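There are 2 protein chains.
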Amino acid sequence: MSKLSSLAQRIKDAQPQIAHASTPLKNQILLRIANRLIESTDEILEANRADLSRASQNGIPNVMLDRLSLSEERIHAMANGVRKVAALADPIGEVLFGKTLPNGLVLRKQRVPLGVVGMIYESRPNVTVDAAALCLKTSNAVMLRGGKEAINTNVALVRIMQDAIETEGLAPNIIGLVEDTSRESATRMMQLNGYLDVLIPRGGAGLIQSVVKNATVPVIETGAGNCHIYIDKSADLHMGAEIVFNAKTSRPSVCNACESLLVHERVAESFLPLVKSLLDTKNVIMLGCEKTRAILKDIPPATESDYAAEFLGYVISVKVVSSIDEAISHINRYSTHHSEAIITNDIESASKFTERVDSAAVYVNASTRFTDGEEFGFGAEIGISTQKLHARGPMGLNEMTSAKYIIYGTGQVR
Amino acid sequence: MSKLSSLAQRIKDAQPQIAHASTPLKNQILLRIANRLIESTDEILEANRADLSRASQNGIPNVMLDRLSLSEERIHAMANGVRKVAALADPIGEVLFGKTLPNGLVLRKQRVPLGVVGMIYESRPNVTVDAAALCLKTSNAVMLRGGKEAINTNVALVRIMQDAIETEGLAPNIIGLVEDTSRESATRMMQLNGYLDVLIPRGGAGLIQSVVKNATVPVIETGAGNCHIYIDKSADLHMGAEIVFNAKTSRPSVCNACESLLVHERVAESFLPLVKSLLDTKNVIMLGCEKTRAILKDIPPATESDYAAEFLGYVISVKVVSSIDEAISHINRYSTHHSEAIITNDIESASKFTERVDSAAVYVNASTRFTDGEEFGFGAEIGISTQKLHARGPMGLNEMTSAKYIIYGTGQVR
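So the sequences go chain by chain: H and W.
When you number the first sequence by the numbering used here, it's gap-free, plus one each residue, and the end is 1012.
When you number the second sequence by the numbering used here, it's gap-free, plus one each residue, and the end is 1012.
Keep in mind the hints are simulated off the structure, nothing from the lab.
Please read all numbers here as calculations on a predicted model, not as lab measurements.
Every residue gets a Cβ at the ideal spot worked out from N, C-alpha and C, and that includes glycine.
Any given hint could turn out to be false.
Stated by the list, open to error - Simulated coverage check for chain W against chain H, where a stretch passes if three residues somewhere in it have a Cβ under 8 Å from a Cβ of chain H: (1) 732-741; (2) 815-821; (3) 945-953.
Unchecked claim - Partial chain W-side listing against chain H, Cβ under 8 Å, derived: (4) R652; (5) K986; (6) G991; (7) S1000; (8) R1012.
Take the sequences, apply the hints, and build the full model.
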């Protein structure tokens, strides 16, 4: 048995303990984890410094160093995140529906945990704590595999969480960390059938593609966001420019940032200079189609692959379209089906766009940046699903559950 | 572009037509399909005779010939099945929840189609019509791939359904049939990312395993049923024997039939001869553990692989256990997580069993044979999911849908 499958076996063996833990016990564990994180600030920061020094020796870019780096403040934020999860309602045991069948069988459909959740993610160590907290709250065991850059930090965080679990009397192996961060171990983790009930990758397009290609366990794809905003011919252009500016520049590295702008030809001449004047204040590079470049003369051309790209930076592709139908079909072709918006004052356009655009979240007159579990009022999220099975859009606690049918009879046969 | 992907492209291109069809139009299409099936009885039977004669030349066993074979009566049953689907409520457009966020955004979560559904199934041609009807009703396009034995029948059925769709003014390619029934085409179909939103295999363990191994599109595993009945020490033994007899023999070839019997040691001596006397009337072969064979002296031993087997015939594995905990851990180890039952008069055992057994449907004092969309009151089913993601247990119309968030704002930015 490989090291990976023996870790998986230990997690699987521990899983029934959390599956049948009471809500108060689960909350007690979460609160203890939060306290232990604060108490262990020095230990965590020391481990984090080891990761940071290795990372900067390896010449990792500053934006990644920032993602990797923890501080007293960030540890407090992680602990507070865990406390917030403790305060959420427990979805496990909820009866989703029930009825008495004509033959007298009494049937109910009840929410249950998924079982063992596998998480593969990249450099941010706060995901280690966030994911563990959401899994514990929903009575799932979890196998965590973070990026190699964060391995020392992750080892420390998992040990602290395991100690807290053990103090509350449950098996620490409810949470397990894959310490082998090689590509091969990731591929083998994607094929742990019989151990993992679901695999949730969180990261860039490369990770998601590798999971889609290699995974044999059920997967929830998350996070890739080539999000569009379409400025309809009836749009309030000032509102449109503000929304594009916000969706592009308020946090360009996240999945709900706007990557592509579509403009109806009838308003292109007024709108494009207006939005450019805002985007210029943040040095956003606009890549345009021929019609766009006829209006904004000095911008570079957009290629086919630019329209498919998730830039995650200060770049936006732009296209002038001749109708809302062209906008919709462009979006359905190039989008990653995450979040899209229309800016319009026309009720028919709004309704057509929201019906026909095939994405997890479709907005009218608002920024795509709102696609987020916290913003939607779910209290927390483990990721944003861009697939149609099981969960779509921000995944809160409910999306971390399955269901079972429980049927009571009095001797019925068929 | 291969023949398979060009078929997939045609289905994908046609998909928006059914996605946005009104409920009355969808029902009209279904009723027209039902009528056309009846009107085309001769044509269908001729195609079916071609399949049957080739199959019997190839020496296919009688039970498979029976599955493959159609009759006037069976065509009527198919047509009635389609009419029943037409009569069901349309799930598409249902608002699952909604709220106004603190910033004034008005959010609703609305049921939408999955998109393009791929179905891979085996010899029974009625699945062609059932699956198409359920997909049309839920506004999904569908790519069908039946078994090679049924190819002539399936070609005829799909052509008839496509004609009916065209008569109602929609693109016939909403339904497509894969006519290449080679193993390679099946594997390629499992990898039609970008075309198929979900793949639902219906068939034996071999098919399901191949899909799990090869599919890169999202899959819903269905149908494998190694179902258990556990006779608790407090059971009404007469009720238990009747339930085992029903669950084993009323239709042994289906996935909700009982394949394995667990008996508490305290009642084994009374129960085993009782249930054997019933099972003997149908010549059921019992395969037992040592303790079972000490009581039922003349039965063959059960091997490890017998406990994991889905016999789909007149065979049952038997094991005497020393506690309900042993029964539960045996089930969680060997089961395919489809349906299990406990026979007990003890309220604590009932509750422990239903909580701890990790299967889609868990029964107290009733036959496992009730796990079925019709029996559960869903009106129809496309299969029985044995996985935990998206759908668990019988899949009715709701399970053939996804959801999207639609958010109206007035210029909100974040």
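Hints versus structure:
1. 732-741: violated (count 0)
2. 815-821: With 3 residues in contact (Cβ-Cβ under 8 Å with chain H), the coverage given for the segment 815-821 of chain W holds.
3. 945-953: holds (count 3)
4. R652: Since the shortest Cβ distance to chain H is 35 Å, the answer is violated.
5. K986: Since the shortest Cβ distance to chain H is 4 Å, the answer is holds.
6. G991: Where the cut-off is 8 Å and the nearest Cβ of chain H is about 5 Å from W:G991, the hint holds.
7. S1000: Constraint on W:S1000 satisfied, holds at 4 Å.
8. R1012: The hint holds - W:R1012 has a Cβ within 8 Å of chain H, the shortest such distance being about 4 Å.
Hints 1 and 4 from the list above are not met by this structure, while the remaining hints are.
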